[in-house]
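Number of protein chains: 2
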Amino acid sequence: MDIKTRRKLFDILMAPRSVAIVGATSNPNKVGHIILQNYIDVGYDGAMFPVNINAKQGDRIMGYKAYRSIKSIGKQLDLVVIAVPAEATPSILEECRIAKVKSVVVVSGGYAEIGRKDLQDKLVEITRKSSFILMGPNCLGIMNTRARVDTLFLPTFKIDRPKIGGVSFASQSGAVGSSILDMIDAEGFGLSKFISYGNAIDIDEVDILDYLARDDETTVVIFYMEGAKRGKEFIEAAKEITAKKPVIMIKGGATEAGATAAHSHTASLAGSYQAYEAVFRQFGITQAKTMQDVMDFAKMFETQPFPKGRRIAIITNGGGVGVIATDALYEAGLELASFSKESEKALRKIMPPIVNIKMPMDMAGDADDKRFAAALEVASSDPNVDAIMVIALFQTPGADSRVAASLINYSATRVKPIAVVSPGGSYTQAHRNMMESSGVPVYSSPDQAARAFKALLEYKEYRDSIR
Amino acid sequence: MDIKTRRKLFDILMAPRSVAIVGATSNPNKVGHIILQNYIDVGYDGAMFPVNINAKQGDRIMGYKAYRSIKSIGKQLDLVVIAVPAEATPSILEECRIAKVKSVVVVSGGYAEIGRKDLQDKLVEITRKSSFILMGPNCLGIMNTRARVDTLFLPTFKIDRPKIGGVSFASQSGAVGSSILDMIDAEGFGLSKFISYGNAIDIDEVDILDYLARDDETTVVIFYMEGAKRGKEFIEAAKEITAKKPVIMIKGGATEAGATAAHSHTASLAGSYQAYEAVFRQFGITQAKTMQDVMDFAKMFETQPFPKGRRIAIITNGGGVGVIATDALYEAGLELASFSKESEKALRKIMPPIVNIKMPMDMAGDADDKRFAAALEVASSDPNVDAIMVIALFQTPGADSRVAASLINYSATRVKPIAVVSPGGSYTQAHRNMMESSGVPVYSSPDQAARAFKALLEYKEYRDSIR
Numbered sequence: 001m002d003i004k005t006r007r008k009l010f011d012i013l014m015a016p017r018s019v020a021i022v023g024a025t026s027n028p029n030k031v032g033h034i035i036l037q038n039y040i041d042v043g044y045d046g047a048m049f050p051v052n053i054n055a056k057q058g059d060r061i062m063g064y065k066a067y068r069s070i071k072s073i074g075k076q077l078d079l080v081v082i083a084v085p086a087e088a089t090p091s092i093l094e095e096c097r098i099a100k101v102k103s104v105v106v107v108s109g110g111y112a113e114i115g116r117k118d119l120q121d122k123l124v125e126i127t128r129k130s131s132f133i134l135m136g137p138n139c140l141g142i143m144n145t146r147a148r149v150d151t152l153f154l155p156t157f158k159i160d161r162p163k164i165g166g167v168s169f170a171s172q173s174g175a176v177g178s179s180i181l182d183m184i185d186a187e188g189f190g191l192s193k194f195i196s197y198g199n200a201i202d203i204d205e206v207d208i209l210d211y212l213a214r215d216d217e218t219t220v221v222i223f224y225m226e227g228a229k230r231g232k233e234f235i236e237a238a239k240e241i242t243a244k245k246p247v248i249m250i251k252g253g254a255t256e257a258g259a260t261a262a263h264s265h266t267a268s269l270a271g272s273y274q275a276y277e278a279v280f281r282q283f284g285i286t287q288a289k290t291m292q293d294v295m296d297f298a299k300m301f302e303t304q305p306f307p308k309g310r311r312i313a314i315i316t317n318g319g320g321v322g323v324i325a326t327d328a329l330y331e332a333g334l335e336l337a338s339f340s341k342e343s344e345k346a347l348r349k350i351m352p353p354i355v356n357i358k359m360p361m362d363m364a365g366d367a368d369d370k371r372f373a374a375a376l377e378v379a380s381s382d383p384n385v386d387a388i389m390v391i392a393l394f395q396t397p398g399a400d401s402r403v404a405a406s407l408i409n410y411s412a413t414r415v416k417p418i419a420v421v422s423p424g425g426s427y428t429q430a431h432r433n434m435m436e437s438s439g440v441p442v443y444s445s446p447d448q449a450a451r452a453f454k455a456l457l458e459y460k461e462y463r464d465s466i467r
Numbered sequence: 001m002d003i004k005t006r007r008k009l010f011d012i013l014m015a016p017r018s019v020a021i022v023g024a025t026s027n028p029n030k031v032g033h034i035i036l037q038n039y040i041d042v043g044y045d046g047a048m049f050p051v052n053i054n055a056k057q058g059d060r061i062m063g064y065k066a067y068r069s070i071k072s073i074g075k076q077l078d079l080v081v082i083a084v085p086a087e088a089t090p091s092i093l094e095e096c097r098i099a100k101v102k103s104v105v106v107v108s109g110g111y112a113e114i115g116r117k118d119l120q121d122k123l124v125e126i127t128r129k130s131s132f133i134l135m136g137p138n139c140l141g142i143m144n145t146r147a148r149v150d151t152l153f154l155p156t157f158k159i160d161r162p163k164i165g166g167v168s169f170a171s172q173s174g175a176v177g178s179s180i181l182d183m184i185d186a187e188g189f190g191l192s193k194f195i196s197y198g199n200a201i202d203i204d205e206v207d208i209l210d211y212l213a214r215d216d217e218t219t220v221v222i223f224y225m226e227g228a229k230r231g232k233e234f235i236e237a238a239k240e241i242t243a244k245k246p247v248i249m250i251k252g253g254a255t256e257a258g259a260t261a262a263h264s265h266t267a268s269l270a271g272s273y274q275a276y277e278a279v280f281r282q283f284g285i286t287q288a289k290t291m292q293d294v295m296d297f298a299k300m301f302e303t304q305p306f307p308k309g310r311r312i313a314i315i316t317n318g319g320g321v322g323v324i325a326t327d328a329l330y331e332a333g334l335e336l337a338s339f340s341k342e343s344e345k346a347l348r349k350i351m352p353p354i355v356n357i358k359m360p361m362d363m364a365g366d367a368d369d370k371r372f373a374a375a376l377e378v379a380s381s382d383p384n385v386d387a388i389m390v391i392a393l394f395q396t397p398g399a400d401s402r403v404a405a406s407l408i409n410y411s412a413t414r415v416k417p418i419a420v421v422s423p424g425g426s427y428t429q430a431h432r433n434m435m436e437s438s439g440v441p442v443y444s445s446p447d448q449a450a451r452a453f454k455a456l457l458e459y460k461e462y463r464d465s466i467r
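Line by line, the protein sequences give chains L and C.
What the first sequence shows, in my numbering, is residues 1 to 467, in sequence order.
What the second sequence shows, in my numbering, is residues 1 to 467, in sequence order.
Everything labelled a hint here was simulated from the structure, so no lab data went into it.
Please read all numbers here as calculations on a predicted model, not as lab measurements.
Warning: the hint list may mix true and false statements.
Claimed, not checked - Derived DSS-like pairs: lysine-lysine, alpha-carbon spacing no greater than 30 Å straight-line:
| # | chain 1 | residue 1 | chain 2 | residue 2 |
| --- | --- | --- | --- | --- |
| 1 | L | K117 | C | K341 |
| 2 | C | K245 | L | K345 |
| 3 | C | K232 | C | K129 |
| 4 | L | K460 | C | K289 |
| 5 | L | K289 | L | K345 |
| 6 | L | K289 | L | K163 |
| 7 | C | K358 | L | K117 |
| 8 | C | K460 | C | K229 |
| 9 | C | K358 | L | K229 |
| 10 | L | K289 | C | K289 |
| 11 | L | K30 | L | K56 |
| 12 | L | K289 | C | K308 |
| 13 | L | K4 | L | K244 |
| 14 | L | K358 | C | K289 |
| 15 | C | K122 | L | K358 |
| 16 | C | K460 | L | K289 |
| 17 | L | K122 | C | K358 |
| 18 | L | K358 | C | K117 |
| 19 | C | K370 | L | K30 |
| 20 | C | K8 | C | K244 |
| 21 | C | K308 | C | K244 |
| 22 | L | K308 | C | K289 |
| 23 | L | K349 | C | K30 |
| 24 | C | K349 | L | K30 |
| 25 | L | K117 | C | K345 |
| 26 | C | K349 | L | K117 |
| 27 | C | K117 | L | K349 |
| 28 | L | K370 | C | K244 |
Please model the entire structure based on the sequences and the hints provided.
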């Protein structure tokens with residue numbers, strides 16, 4: 001299959017106009033039921049065909065006409081999702097080959113990952129002779145929030161489905177995939193595509209990076225990978241995509257013991273992490289060391305413009321957290337900005353005497369929205385400031401929803417990157433939600449914001465280096 | 001004042017049977033109003049006397065008889081909380097001296113921190129001549145969850161008040177104090193005492209450590225400090241307390257720029273962090289680098305027994321997160337445990353073939369409570385396992401509230417320390433709440449659990465070293 005055809009098929013896979021679900025059933029405990037239910041829940045508006053070998057003439061499954069086989073549908077299908085036991089899958093796949101379906105997702109497990117390489121080889125063999133592309137087996141499949149496609153066999157009550165956004169997320173591991181997916185909504189950013197690719201007998205990391213590079217709806221990529229099979233092509237694909245958009249990588253098997261675990265998990269050769277790390281660094285891939293870093297970096301990348309340099313202004317309504325934030329900047333390899341003489345003069349005029357205008361600028365506990373807005377305006381036009389960390393403590397007497405609104409207004413100007421640090425409980429959380437739903441990245445701890453700024457800066461430097 | 005008297009007064013300050021609030025008013029925007037309201041909200045059952053210079057004969061403030069002065073109360077007072085402007089405070093303090101009150105909290109700011117050292121010196125002078133101890137000025141004062149004391153001037157709707165527990169928290173900074181306090185409830189652990197000591201003209205770090213060491217209700221201490229004034233005594237107090245209970249320290253001014261910021265914040269001489277770090281290490285104080293570490297360590301210390309060593313078992317229902325967790329252990333300086341031959345044999349008998357019983361033990365996505373309980377039982381009695389990290393992904397088909405219950409049951413045995421990693425959204429959060437309210441420490445990311453285990457192990461090694 002040439003690359004052009006393969007790309008066309010990948011586009012169809014991600015936004016199919018017709019879907020057959022093999023294994024669909026009215027029994028709510030079955031995977032095929034959950035997948036069909038999810039399609040209904042997300043409001044998929046293409047043609048949908050439940051397939052069940054036990055279906056009789058005139059049967060309906062959850063309101064949809066049921067079919068006994070792919071063949072009996074008698075229509076060209078964009079996507080077939082197979083959710084039947086591993087043993088039964090090869091014959092279904094053969095049907096797909098004959099019916100010339102465009103793409104297949106095999107969610108079923110029970111192949112190489114439990115020692116049944118023989119069964120997996122059968123799938124490989126059929127796929128090689130076919131005109132479809134195949135994702136899986138042993139995967140969760142795909143989500144496309146805009147096209148309202150959802151092949152996950154995890155019920156919506158167990159996983160919060162994120163709002164529509166610019167972040168796409170690919171994961172070799174279904175467990176890492178589903179947990180990070182579930183965290184995205186709570187972290188306040190939006191999702192474009194989710195891809196869980198499992199044993200990767202056909203579609204692999206290289207295909208996925210290529211697709212996400214081409215996909216204009218994707219502005220930021222998150223990737224969990226244990227090992228890349230096609231090293232050289234992976235590097236090419238990485239180079240291509242990072243020239244356009246950031247890729248945040250969390251690599252399983254960064255330590256020797258982790259690599260061993262990865263091998264027994266997906267039979268991946270995690271390889272020397274040093275080698276991967278060198279590739280990531282050379283080709284502008286942002287490395288996240290923890291699942292929390294993934295979240296922290298993604299929301300910064302999704303919403304904020306690039307900083308010019310490493311000088312970060314800290315504007316706070318609580319002195320002690322400003323001290324902790326200053327430490328965090330230097331730990332992350334950044335610098336505390338100093339206001340220009342002009343800015344200091346301007347601030348001295350506007351601010352009451354209680355405000356300490358030296359960095360970290362402490363606006364005191366009674367700081368209201370006007371004080372926040374005025375400080376941001378000065379920092380925004382100061383040539384000595386590259387980015388702004390705002391510590392907005394909603395426990396203080398002065399802080400309320402107007403402060404949140406003033407930070408939203410500033411972030412919308414997109415003049416300089418901003419990160420807000422607002423640690424706290426339910427009252428704070430309500431204000432975080434306000435800000436995050438309007439595209440302001442909010443963090444619980446200053447070190448998180450500092451590391452996210454650093455990641456943004458490093459990616460910006462990479463982009464500059466390849467211009 | 002001799003140390004014995006001072007200790008007695010500190011005990012009275014923390015659990016007063018009579019409190020006067022100077023500056024109490026019906027005006028809901030005033031600090032004195034919020035403090036009185038908070039006393040009412042938390043259900044304080046001692047005698048309460050609102051004092052307002054404008055009170056007339058027969059006036060009541062929020063239902064309590066109002067007094068014009070300390071003197072006019074005509075009773076021996078355990079605690080006077082002063083919430084009037086800085087200029088008016090010395091004369092009130094003089095009244096307290098004459099009335100022989102036992103303890104005073106000055107919440108008002110406007111002293112050395114804004115350059116009014118002259119006013120602060122007046123407070124020092126009166127305090128020296130008095131028989132009371134004084135906390136502040138420029139502080140939030142104290143909370144004692146069991147004694148239902150709450151001098152905070154931050155309304156309960158802005159800060160979630162934590163449940164009763166064993167963690168006590170002292171903070172030089174009101175801002176760090178209120179934000180961490182507000183996070184505690186969300187992090188699921190319980191509070192004993194909160195102490196915000198501000199400018200520390202009388203009560204300082206040494207007094208507080210001494211009190212918390214003696215306080216049997218306190219099992220874990222969190223401390224935010226920018227600098228200790230009495231170095232030698234601080235070391236003595238640290239040595240004393242860490243021989244009994246863990247102290248988690250977050251030190252502002254760990255970098256040079258941070259130290260400068262700390263100096264302009266509380267006029268603290270943050271000193272060389274290397275020097276502090278050496279003291280902390282030598283005397284068993286646990287250092288937290290971030291506000292998140294503080295939370296992560298505190299919940300582990302509050303609930304879990306000491307591990308014997310650094311060999312951590314990983315039991316997961318999702319392979320990929322097990323790989324990430326393995327990496328996290330080694331990054332934290334811990335080791336992945338290996339099951340003994342006996343354990344492996346036992347597990348092979350109990351577990352279905354899909355389960356990978358080699359560490360990290362992958363119980364697969366359909367693992368239910370029985371599988372979790374069986375794995376924990378084996379790990380618990382295996383001499384090769386010192387502690388257990390359980391990755392419970394509630395997105396999986398098998399995990400539900402019965403899994404949470406089985407983890408709660410295991411944690412209650414207190415045989416080996418356990419940490420649960422459950423990243424996710426609202427469904428997961430509901431199960432986290434279940435577990436945390438029953439004393440199981442739960443984390444979002446494996447690295448958090450790994451660092452918390454490491455902190456627990458290091459403190460245990462310190463305790464062993466001083467036996």
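Hint check, failures only = 2, 5 and 28
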